[in-house]
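Same order as they appear, the protein sequences are chains A and B.
Heads up, the first sequence is in UniProt numbering, so the first residue is 1 and it goes up one at a time.
Heads up, the second sequence is in UniProt numbering, so the first residue is 1 and it goes up one at a time.
If you're looking for bench data, these hints aren't it; they were derived computationally from the structure.
Just so it is clear, the structure is predicted and the values come from calculations on it, not from any experiment.
Incorrect hints may have been included.
When chains are identical, the list treats them as one kind, so a pair holds in a single copy or across two.
[As the list claims (entries may be wrong)] Mimicking DSS-like on lysine-lysine, the simulated pairs with C-alpha atoms at most 27 angstroms apart in a straight line are:
hint	residue 1	residue 2
1	K6	K212
2	K256	K85
3	K84	K256
4	K77	K111
Here are the chains, one letter per residue:
Protein chains: 2
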Amino acid sequence: MIKNRKSLEEYKAGILEENRAILAQAITLVESNLSTDSELASSLVQEILPFSGNSIRIGITGVPGVGKSTFIEAFGKMLLEKGKKVAVLAVDPSSQKTKGSILGDKTRMEKLAADRRAFIRPSPSGSTLGGVSAKTREAMLLCEAAGYDVILVETVGVGQSETAVKGMVDFFLLLMLPGAGDELQGIKKGIMEMADGVLINKADGENIQAAKKAKTQYRNALHLFPPSENGWYPSVITGSSLTGEGLDECWEMVEKYQEKMLDSGYFELNRAEQRLRWLDEYVQYLLGKAFHEQAKVQNLLASEREHVKEGKISPLTFARKLVNVFFENFQIKNS
Amino acid sequence: MIKNRKSLEEYKAGILEENRAILAQAITLVESNLSTDSELASSLVQEILPFSGNSIRIGITGVPGVGKSTFIEAFGKMLLEKGKKVAVLAVDPSSQKTKGSILGDKTRMEKLAADRRAFIRPSPSGSTLGGVSAKTREAMLLCEAAGYDVILVETVGVGQSETAVKGMVDFFLLLMLPGAGDELQGIKKGIMEMADGVLINKADGENIQAAKKAKTQYRNALHLFPPSENGWYPSVITGSSLTGEGLDECWEMVEKYQEKMLDSGYFELNRAEQRLRWLDEYVQYLLGKAFHEQAKVQNLLASEREHVKEGKISPLTFARKLVNVFFENFQIKNS
Chain A
1 MIKNRKSLEE
11 YKAGILEENR
21 AILAQAITLV
31 ESNLSTDSEL
41 ASSLVQEILP
51 FSGNSIRIGI
61 TGVPGVGKST
71 FIEAFGKMLL
81 EKGKKVAVLA
91 VDPSSQKTKG
101 SILGDKTRME
111 KLAADRRAFI
121 RPSPSGSTLG
131 GVSAKTREAM
141 LLCEAAGYDV
151 ILVETVGVGQ
161 SETAVKGMVD
171 FFLLLMLPGA
181 GDELQGIKKG
191 IMEMADGVLI
201 NKADGENIQA
211 AKKAKTQYRN
221 ALHLFPPSEN
231 GWYPSVITGS
241 SLTGEGLDEC
251 WEMVEKYQEK
261 MLDSGYFELN
271 RAEQRLRWLD
281 EYVQYLLGKA
291 FHEQAKVQNL
301 LASEREHVKE
311 GKISPLTFAR
321 KLVNVFFENF
331 QIKNS
Chain B
1 MIKNRKSLEE
11 YKAGILEENR
21 AILAQAITLV
31 ESNLSTDSEL
41 ASSLVQEILP
51 FSGNSIRIGI
61 TGVPGVGKST
71 FIEAFGKMLL
81 EKGKKVAVLA
91 VDPSSQKTKG
101 SILGDKTRME
111 KLAADRRAFI
121 RPSPSGSTLG
131 GVSAKTREAM
141 LLCEAAGYDV
151 ILVETVGVGQ
161 SETAVKGMVD
171 FFLLLMLPGA
181 GDELQGIKKG
191 IMEMADGVLI
201 NKADGENIQA
211 AKKAKTQYRN
221 ALHLFPPSEN
231 GWYPSVITGS
241 SLTGEGLDEC
251 WEMVEKYQEK
261 MLDSGYFELN
271 RAEQRLRWLD
281 EYVQYLLGKA
291 FHEQAKVQNL
301 LASEREHVKE
311 GKISPLTFAR
321 KLVNVFFENF
331 QIKNS
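Could you put the whole structure together from the sequences, leaning on the hints where they help?
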């Protein structure tokens, strides 16, 4: 067993005792790419599963500069005052490049992090999206078993991580800047239609009028778009982390959504569907990983991929060839 | 070789001679699930590849009842009058259930089908989405090699096929009904944001005012949403297959889009990305197919899937188990 690893029982007991240090170590275990860790991690997740699920899971997205961290700090503080325990997780595929983390800056969320009823976890770095989202999902379950009532999952709003986050939360909140216009360039197309709620952020000082106007415009616009399959039209509100305006309203919006969805049965239905989708996606991820790790596949891709891109080889023909090569050369590793 | 199959050279020559009957037989070959056909089909697609690509590919979607077939017939007729050759293909995953086809009704698109410069192909039935879209893509290439200038790909607007169609066309057109309101219930969330153009259909008689109003509303709303990565905001126009109004305008919209995208280089960039995505998706589809066809995987899924759905087994743990079982029991078929 690797250094600094505890036993299954130690992790489980620590988590159920709501020990933040052990929770952090357990998430490190779950995030580990070492094959020696993965069995222990699987067992741990299986063990704590009956204690998970008792939270509201909120995804929060928006372009860089919209004020996500400041909002999460203010929103989290307010939730603590309401007696909630709050965990913040981050999904950040860009960390693949920087090997850093969007929450890596220690000065961010200082006040929230100082409270022992809060738990803040930077995103795992250097992993693929499939891996990150899988691990964020497991981290979420561990946090729930440790008694956190509200899980905030932060994502950057410009990449592919939004779909992953949408697929793991109950409520998806989009932060926007006042003055609907240029800043739209930053948001990826399609994210707006994923939102269960939109908060026009930085609605303070000189921005107040612009924020109110944006709220009206988005409310009208979103009503022209189809509602979710659960019949919900996204709410649009304004808010400010500076003045605290809109934070209560934001929480009321989430509570109202949760109440409606619990009543209609959609809440549990959605979670059940998410579990099955998670299974499918992770199977796909594991199959794709084995495929792309094979040297023969890699070599063939390296030599022919450009020809596919240029339209000289049919993608379908080449895919068949690749998959045949993969299966012909497949060998089970002794692990 | 199976009955009714021609040789590679016969198919190729027939397609390049723009022989509609041979084109139809070639598409049947490509759609075939027989392993004895797949090698010939692959070779054929590879052979005609240098002659493909010279068309504008237009995806057309909208809820049942919006008038897709009537629109396509009128739009297609107009294109024939402009000297274009028009092919209509359909992607219809619902045919899995009915084994029928959305274009199966022989009375539909009668006038268009009667013209020898038009080619209408119902969707292949009884296949999976991955399969259907792969085959529609290949059928598209065959039509292009047979000299069709405009490929119209019809899809039903309520399922998952839109993402597949969006991924294989240059321009994605959404048909809507006048009177933005109740009919929205039918459209799947997210489709609106995929559209490059919206046509408010049935804008005739008593509907004219409502259609004009809807046009204004959607124009304003869509400007609040982010533009595509190519900088394009979807156009919104009104049209009627009855009076012919808007058909010219619709074609101008597509031409304007094409011109802009050719200028910016996005047109070819998008097609190159589509080819690579097609490769990735088809690899994923083939890996998943092999996985789901294995009896041991099927049995394990049948016995445990409900437990995953109910949250009793971690999806991640179960996915790992399934993939291990798959690889341990994997045997290369002698084919």
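Structure-based check of each hint:
In this homomeric assembly, K6 and K212 never come within 27 angstroms of each other (Cα to Cα): the closest approach is 52 angstroms inside a single copy and 68 angstroms across copies. Taking the shortest Cα distances, K256 and K85 sit within 27 angstroms of each other inside one copy (19 angstroms), while across copies they are farther apart (55 angstroms). For the homomeric pair K84 and K256, the shortest alpha-carbon distance inside one copy (17 angstroms) is at most 27 angstroms, but the shortest distance between copies (55 angstroms) is not. Within a single copy, K77 and K111 get their C-alpha atoms as close as 8 angstroms, which meets the 27 angstroms cut-off; across copies the closest is 67 angstroms, which misses it.
Hint compliance for this structure: hint 1 alone is broken.
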